Structure formats: structure tokens, C-alpha cells
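First to last, the protein sequences are chains A and B.
Note that numbering that gives the first Met the number 0 has the first sequence beginning at 0, numbered continuously upward.
Note that numbering that gives the first Met the number 0 has the second sequence beginning at 0, numbered continuously upward.
For the record, the hints were derived by calculation from the structure and aren't laboratory data.
No experiment lies behind these values; they were computed from the predicted model shown.
We put the CB at the ideal spot given by N, CA and C, even for glycine.
One should not assume that every hint holds.
Not everything, but these chain B residues come out facing chain A in the computed CB check (under 8 angstroms) [said to hold, decoys possible]:
#1 Met50
#2 Lys61
#3 Arg78
#4 Ile81
#5 Asn85
#6 Leu103
#7 Glu104
#8 Asn105
#9 Cys107
#10 Gly149
Listed below, chain by chain, are the residues.
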Amino acid sequence: MSSITLGRYVPRDTFIHRLDPRVKILSLILLMVAIFISYSTWEMTFIIGGILALFIFLLALISNTSFKALFKSLRAMWFLIIFLLLVNVLVKPKDAQWVAFSIGSLNIYWESIFQSLKIILRLFLMVSLTMILTTSTKPLDLTYALEWYMKPLKFIKFPTHEVAMTISIALRFIPTLLNEVERIMKAQTSRGVDFKHGRISSRFKAIISLIVPLFIASFQRAEELADSMEARGYNPKAKRTTYHKLRFSVNDLFAFILCGAFMAATIVFTVMDFTIKTPLFVPWLVIGCFCVLVYLFGLGAANARRYKK
Amino acid sequence: MKIIEVNHLSYKYNEKDVAINDVSFSIDEGKYVAIIGHNGSGKSTFAKLLMGLLEPNENSIKEFGIDLNRKTVHELRSRMGIVFQNPDNQFVGATVRDDLAFGLENRCIKREDMDSIINEYAEKVNMVEFLDKEPENLSGGQKQRVAIAGVLSMNPEIVIFDEATAMLDPRGKKEIRETILKMKKDNPGMTILSITHDIEEAYQADEVIAFNDGKIVFQGKPEDVLKDEKKLQEIGLDIPFVVSLRNKLEAKGINVRGSSLEEVVKEL
Numbered sequence: 000m001s002s003i004t005l006g007r008y009v010p011r012d013t014f015i016h017r018l019d020p021r022v023k024i025l026s027l028i029l030l031m032v033a034i035f036i037s038y039s040t041w042e043m044t045f046i047i048g049g050i051l052a053l054f055i056f057l058l059a060l061i062s063n064t065s066f067k068a069l070f071k072s073l074r075a076m077w078f079l080i081i082f083l084l085l086v087n088v089l090v091k092p093k094d095a096q097w098v099a100f101s102i103g104s105l106n107i108y109w110e111s112i113f114q115s116l117k118i119i120l121r122l123f124l125m126v127s128l129t130m131i132l133t134t135s136t137k138p139l140d141l142t143y144a145l146e147w148y149m150k151p152l153k154f155i156k157f158p159t160h161e162v163a164m165t166i167s168i169a170l171r172f173i174p175t176l177l178n179e180v181e182r183i184m185k186a187q188t189s190r191g192v193d194f195k196h197g198r199i200s201s202r203f204k205a206i207i208s209l210i211v212p213l214f215i216a217s218f219q220r221a222e223e224l225a226d227s228m229e230a231r232g233y234n235p236k237a238k239r240t241t242y243h244k245l246r247f248s249v250n251d252l253f254a255f256i257l258c259g260a261f262m263a264a265t266i267v268f269t270v271m272d273f274t275i276k277t278p279l280f281v282p283w284l285v286i287g288c289f290c291v292l293v294y295l296f297g298l299g300a301a302n303a304r305r306y307k308k
Numbered sequence: 000m001k002i003i004e005v006n007h008l009s010y011k012y013n014e015k016d017v018a019i020n021d022v023s024f025s026i027d028e029g030k031y032v033a034i035i036g037h038n039g040s041g042k043s044t045f046a047k048l049l050m051g052l053l054e055p056n057e058n059s060i061k062e063f064g065i066d067l068n069r070k071t072v073h074e075l076r077s078r079m080g081i082v083f084q085n086p087d088n089q090f091v092g093a094t095v096r097d098d099l100a101f102g103l104e105n106r107c108i109k110r111e112d113m114d115s116i117i118n119e120y121a122e123k124v125n126m127v128e129f130l131d132k133e134p135e136n137l138s139g140g141q142k143q144r145v146a147i148a149g150v151l152s153m154n155p156e157i158v159i160f161d162e163a164t165a166m167l168d169p170r171g172k173k174e175i176r177e178t179i180l181k182m183k184k185d186n187p188g189m190t191i192l193s194i195t196h197d198i199e200e201a202y203q204a205d206e207v208i209a210f211n212d213g214k215i216v217f218q219g220k221p222e223d224v225l226k227d228e229k230k231l232q233e234i235g236l237d238i239p240f241v242v243s244l245r246n247k248l249e250a251k252g253i254n255v256r257g258s259s260l261e262e263v264v265k266e267l
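Okay, chain B solo, but in the shape it has when bound (with noise of 0.2 angstroms):
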């Protein structure tokens, strides 16, 4: 089933920047999408037209078959979750555990379950014993945690990361990654729509679409995707180290799997 249907969608924020340049493309149900894009390639701007934060054009986004506008976005925006880049930006409440209340508070559950919900979202990010530090006593790569788990708690079947890694630290990175995998792994009916430009995050996905200049340059699995080096420099992305020696070591005919390099190193 088509999850995301997205039809000539179009978005400028003024009449010369031009976002968004008439994009079609689908995701189906249950996949991880990764959305690569060098910065200013229109790739945030389309994760807020996603959410309803932006106001798409008409009949242009289909999400669960629902076409969005006015009257079904905030329907539509409780069936989805969304983790922004800034950690710091993201955290509502003075400590985790009213962090976490504050998205159930929104979506009226009853006091009485919500100590329950905020312990067992908590313990999916590992953060119980956090429950009741302020944000300026965590990492950044805990706030992420943090926001993974807000969103988790409200059940969503279509989950949106922009950027999350990007403002975080090697350990950081490294920590939102296997959480998003877990989550991948607990919930294998959720839609994941990974923003990024690490590109080795890219691997993890099933799909990978590159954005430049507000269009679609291509979608496909990463391997294919991954391989075309020049076109990925094309598009202003970072090859790593380890995915430009895995391809030039496949060109010689050696095929390596893994994609850190201690995997590499490994295989060698």
C-alpha cells in the first residue's frame, strides 16, 4: 500500500527561492526511506510540507490515502511523528518525564496512564534513569533519545527524522542510529523517512531518494544509488571514506559487505 503519495508538489517560500519544484513520487507502507540532499536542496522544506507545518498546494500530498488540506491536517499530523535537527529546540517540557507528558497532555490521555506510557517510552531510548534530569544536564544525542521517545508515545505510523543527526557528536550519531534501527525492528509496520546527508545513514535504509535544487535526481536502493560516486558529488554530497573504498575495492572485482569501517576492515 502507497503510504505517501506525492503529486507535482510545488513550494516556494518567496518568488525567487524556490523550495520545492514540482515533485512526484511514492512511499509504501512500512519502509525506511533515507532523503539525501546537500543543505538548501529542499529536503527540510519537504519534511514540513509532510507534517502540515507548511501549506503544500492543493491536492498535491496524499497520506494514508487522505488527501492533506486544512480540515484533515491535524487528523492526519496525530497518525504521524517528527524528530527535528536542533535538539535543544525540540524539548517543551523542564525535565524529561514532562517532555514526555507534554505530547500525551496534547492528545488528552488520562493522567492516571500517562506515568505508565512516559516509563515504557522512556525505556525504549534507555533514558528511565534521565526521567527527571533537566535538558541542559543531557547530551545532545540523549534530547534526540528524548524526542524519539515523544514521538514514539503517540503511536504514529509514518515517522519523519530531519536531519537528526546532523547537530550531534560521533557517539551521538552513532546512539540516534541504533535507536532508529530498534524502533525499526520493534514496529516493522512503521513508515521511516530518514532526512540526512550521512550518507552512511543512507545505507541502513531500504530506499534512498536524492534531492537537488527542489527536485528528485533519483530514487532507488542505496547500493545502486550510492555506487554512481560522480553523481552523488554531482550533487554536492560527502562520499565517506569507507563507501568510496567499498566501491573502488568492488570495481576490482573484491565485494565487501558492512558499512563502517571496522566492518570493512573486518571483511578484509
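Chain A extracted, bound-state conformation (with noise of 0.2 angstroms):
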């Protein structure tokens, strides 16, 4: 189980945890932008992707997201890395000339490394920026967030509604069905199903008695669930309020424009072809660097001022 709980909503009182979940969703797609723009060198790659490393630990800091867990996602990813590192260092990149070291007859060149941290690193940010905003945001609320972004497909007659209302009953019943597993794997061994050991046959077979029980009694709750709700007056087509409101505060641009800020450099460091040699290039990142640590610390000290009232 515990590869579920990696990543599940902790709930705190943070200035993450309070930034409004739409907010919070673009800016995982802006920093993901800039996370995965490519730079003409490895220098560029790496002096960019570890100020966005730096950012993004700063983030879970701020956000009280474990390191460990941040970690732990990393080893639950050791075939995929161990899977890229093998293809990246054995297929012979076109204009690779740097040999590292050679095995035999095979020359493993610095530039196949390079690319295989750089794909690491990237898997790496991202899935901590996703870990990020799973742990400082409910999963109800990233609902809401959806539902309003797939607003406009409303208008294609797209039932958004419904895809949100599908969603959040869904999360709702995870650590239902996850007790039901549970249940129904004790349920089953004390009859002499071994779920543990036996070749992946025998264990494929014991899965199929986990599945088709927890099918059935699944379907059973549905149709339960579904009549109390209907019992309880909810009709999809009528007209409904809503209890939650999503707010969009002083805060939340802040941290918009920073996000954006990000992506908008990384962009426009590619696009003009930045690298390390070019002149001012240094300064710049700088300057750069103290404006956006500027632009945090006044930003902490703003909420840490009203926190205290």
C-alpha cells in the first residue's frame, strides 16, 4: 500500500497549501514547460535545470513536503532509470566524440551520460512538482479546479459536471475499496489463497480471486450509492449550487507571476540561443536569481507579517 500513500494530501497550513487550486495546476504546467525546454549545451541544461531543482526544493520546503517521499519516488522509478541509462549509454548519440571510458571494444561516451542524467533530472523535478501539488492540495479541491478549466467545453456540450461529480466520488471511495482489498485478501487467505509466493501463474490465479469479489461488491455499491444520492434530490441535468468556492487571492498572482516569470526566461534563453559564452550571460542569471530570492523573501515576510495578526 504504501506505494499509494506516496504523494497522498497532507494536510497542513502552508502558503502553498492555501494558494488557490487552479493557480496551483498552471503553475505545474508552466514550470513543467520549463522544465522540459532543451538548451543548445550541457552547461546551459544543467546551470538552468539545478536553479529549477533549487526552486523546486524550495517549494516543497515551503509546501512541508517530506524529502524522503520526494526520494522514495525516485527509487520507485529505479527500472525506468536504470532502463534509460542502459539505452542512452549504449546507443552511440551522432556527434558523441568524448570518450568517458570503454568496456571492451564498447566506448561509453561522456555525451550519453550526460543525456541520461539530464532525462533522470527531468523525471525527477516533475515528478517531484506533481508530488508537490498532490500533498498540498486536496483532491476535492483539484477536482474543482478541473471542473472550472473544462468550463468552456461546455459550450460543445461536454458534461463537465458530471466528469467532476464522477471524479470526486471516485477519491471519495479509494479508502473504501482500498479497506475492501484488504478485507477480501484476509478473507481469502484464511482460505488458503497465497497471494505472496508461488510462481506468477499460481499468483496471477490468486489475483483473480481478489478481483471478481471486489468486482461484484463494487457494483453493489454503486447502485447503493446511486440510490441514496437520487434519494437525496441529486438530478445531474437540474440546476445545483455549489458549496465550495474557489478564491483567487493577492497571493495566488504572486506565485502565478513567478511560475510564469520561469517558464517565460527558460523560453527566452532558448530562443535567443543563450549559453554560457555569451557575454552578460553571467550577470544576467545573477541578477536574475536575486530578483526572484527577493521577490520570495518578500513574499514570506508579507504572509508571515498577516499570519501573525
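From the two separate chains plus the hints, produce the assembled complex.
Written as C-alpha cells, this is what we have:
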């Protein structure tokens, strides 16, 4: 079950927890773009990647996301990482010439090592960002935010409300169904089914003895839930009011500007083909980082003062 | 005034499985009626028919003097509420607060008014401190209390309990029984239909209707109905020890009141 608890919502009261979920989703997308833009040289990639990594660690720090959980996600991806390393190392890049070492007649190039490191860094940053989002935002709030973003689709008769309701009910029933899985597993184990040992084929059979009752129970639940919702006057076609309101505050604007600036800066860097040798690159970078730090510091101070009141 | 009138109601799930077989009776406004019967006797089907969740045969059910059919079902439903058996499967919201809001949203209550209504009804079932808890952190009895609050917040004139205590532990059962009694005291005009196979709960009612094989076996005061042990056993109901004891004592000329074991012991 530990893989499911990874990235689960942790109720805290931090600056990031309080942000509007709509802004958080948009910022996630903006930062993802920044992460996935490629640069002309390795140095650039690692400088920008490093700055982004620092920023993301800062976000994790502010949102009180545990670093242990972030690195656990790396461990969960170990297979993917090894696979990427192998593929990148064994396939010779086109203009690779910088040999790191050789195993027999096989040359391993620095370029391919960098390439795989770059992909791993990107994956790690992406997963960390997503985890910060999910640990700092209630699933239900994410659903409301998604519903809000889907609003324009209403014009093409897309059932946005139904989709949001479906997602929120699915989220609500995840723990309930997990309990059920545990119960069925215990029940089947007591009848001699072995889920943990044995060959793959026998384990697969064991899983079937779990899935069939689970499905039947879920359908029963769904039917009862539908009855109860209908009895309480739910009618997806009819007009409903909403209890939740998403609030866009000044902090949200600041957070949005910051993430937007990050994305804009990375785009500017690639379009203008900045490298570390570009005149004035280093001073600009230092000034930029300084601005961001001052901005963050001001934001923190402003919120700290409001918090004391 | 007769608030529910049932006339020759029949319902079958398929050709072989007849759940309700030509049932007729009526219930007066403001009564607390217990419907008893063993599993599969048709009592839950009956509750769903009354709520319009299953479609009854034509002109067979009248509620508030209005015939229940496709056109009137939404209006009639809005004046009634039901609490089902499984505490988990009627919890729609992510937290207690959201769940209570769900019903209010359906009623198009203004957002500004919702918080006060939620607090008011959570208070009535003693769940205020749990308002921000998720369902997995609540006991079965607490979830059922939330369901009751959800129903009450709609100001229903009829409330149906469809074996609302069946899946609860003794403590949860007691909690719910007490909540129902309190609810009855607060709203004397409310009609309560409680479907149960908990005979002790049937004792609290003004009237008992017993179902067997889709038919009504008898209808009357709980004391009269529950005295007939043989008949109860015939329709597959367990008689709790206390009731049995009391009946035997009464046969010997000793009259004892009270429905719980403690009360009977005290009386003795």
C-alpha cells in the first residue's frame, strides 16, 4: 500500500496549501514547460536545471513536503532509470566524440551519460512537482479546479459537472475500496489463497480471487450510492448550487507571476540561444536569481506578518 | 390524515422473483411505524418503492394525497428522506461537511446559508466536532448520524430508515435508536417509517407492520404484535431474550415494563 500513500494529501497550513488550486495546476504546467525545454549546450541545461531544482526544493520546503517522500519516488522509478541509462549509454549519439571509458571494444561517451542524467533529472523534477501539488492540495479541490478549467467545454455539450462529480466520488471511495481489498485478501488467505508466494501463474490466479469479489462488491456499492444520491434529490441535469468556492487571492497572483516568469525566462534563453559564453550571461543570471530570491523573501515576509495577526 | 396510502401494490424484479404481492394499507401522519420482517421479505423493496427509486404499479401509492408517478416523483421525493443500511454507501462527500452540503446543493440552497444549516443539523446529531473528518475516520454509527443529519437538513415530512442499524455494533445501534427518538421528539409532526429486524427497536414504535413473503402478516400496536411469539417465529424473526422473558412473566401474571434488559431487571 505504500506506493499508494506516496503523494497523498497531507493536511497542513502552509503558503502553498493555501494557494488557489487553479493557480497550482497552471503553475505546475508552466514549470513543466520550463523543465522540458532543451538548451543548446550541456552547461546551460544543468545550470537551468539546477536553478529549477533549487526552486522546486524550496517549494517542497515551504509546502512541508517530506524530502524522504520525494526521493522515495526516485526509488519507485528505479527500473525506468536503469532502462534509460542502458539505452542511452549503449546507443552512440550522433556527434559524440568525448569518450569517458571503454568496456572492451564498447566506447561509453560522456555525451550519452549526460543525456541520461538530463532525462533522470527532468523526470525527478517533474515527479517532485506533481508530488508537491498532490500533497499540498485536497483531491476534491483539484477536482473543482479541473471542473473550472473544463468550463469552456460546456459549449460543446461536454458534461463537465458529471465528470467532476465522478472524479470526486472516485476519490472519496479510494480508501473504502482499499479497505475492502484488504478484507477480501484476508478472507481469501484464510481460505488458503497465497498472494505473496508461488509462481507468477499461480499468483495471477490468486489475484483473480481478489478481483472478482471486489468488482461485485463495487457494483453493489455503486448501485446503493446511486439510490442514496437520487433519494437526496441529486439530478445532474437540474440546476445545483455549489458549496465550495475557489478564491483567487493576491498571493495566487504572485505565485502565478513567479512561475510564469520562470517559464518565460527559459523560453527566452532557448530562443535567443543563450550559452554560458554569451556576453553578460552570468551577470544576468545572477541578477535574475537575486530578483527571484528578493521576491520570495518579500512574499514570505508579507505572509508571515499577516499570519501573526 | 393519512400520509401514505398503499393500494394493491405489487412489484416483481423478474417473473419468478415477486418481492411485493398485492399489499394495501395506510399510515397516519405523525406516526412512528416499524416495519419488521426477515431478510428477503420485501421490506427494503417496499422502502425503495415509497421513495420512487423503483417504479410501482399505477395508482398504487399515494403520498401526501398525491399519486406517485414519473411526473410527481421529484416533488414527492423532496418531501421525504431515507437512511439506508450501509453507512459507507450513502456518504457522498469527502468530509462530513461536504456530505451535508451535497443535499443542500441539490436543493439549490444559497451558499451563504449553507454553513449555518450544516452547523445546525450537525449539532442535532452531535457531530459538530467531526465536521472536517473524512468518512474513513468515522465509526459506522457516526456515519449513520451524518446520514440522518443529511436527511433532516432537507426538512422532510416522512423519514424512512431502511435497516439503518443493521450493520452497526451494539453501541452504534443504541446511538441511532436514541437519535431517532430525539428526532421524533423535536419534530412531532414527522412521520417515521423504520424498517428493521431489530425487535427491540420495533418496541419504540407507535405501530408495527410485519412483512412475510411480500405480504403484510399483521399490523397493530407493538405490544399486541410482539406478544405473539409463535407467529413471529413463523415469519422468521428472532425474539430477543428480554421480550421473551417479559412475555413469560406476563403469562404468570407479573407485568413488567421497559424494553431493555437493564430496565426489566430494575423493574424486577
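Do the hints match the structure? See the list:
no.	hint	verdict
1	Met50	5 angstroms, holds
2	Lys61	19 angstroms, violated
3	Arg78	10 angstroms, violated
4	Ile81	5 angstroms, holds
5	Asn85	6 angstroms, holds
6	Leu103	7 angstroms, holds
7	Glu104	5 angstroms, holds
8	Asn105	4 angstroms, holds
9	Cys107	5 angstroms, holds
10	Gly149	7 angstroms, holds
Hint violations for this structure: numbers 2 and 3, all remaining hints satisfied.
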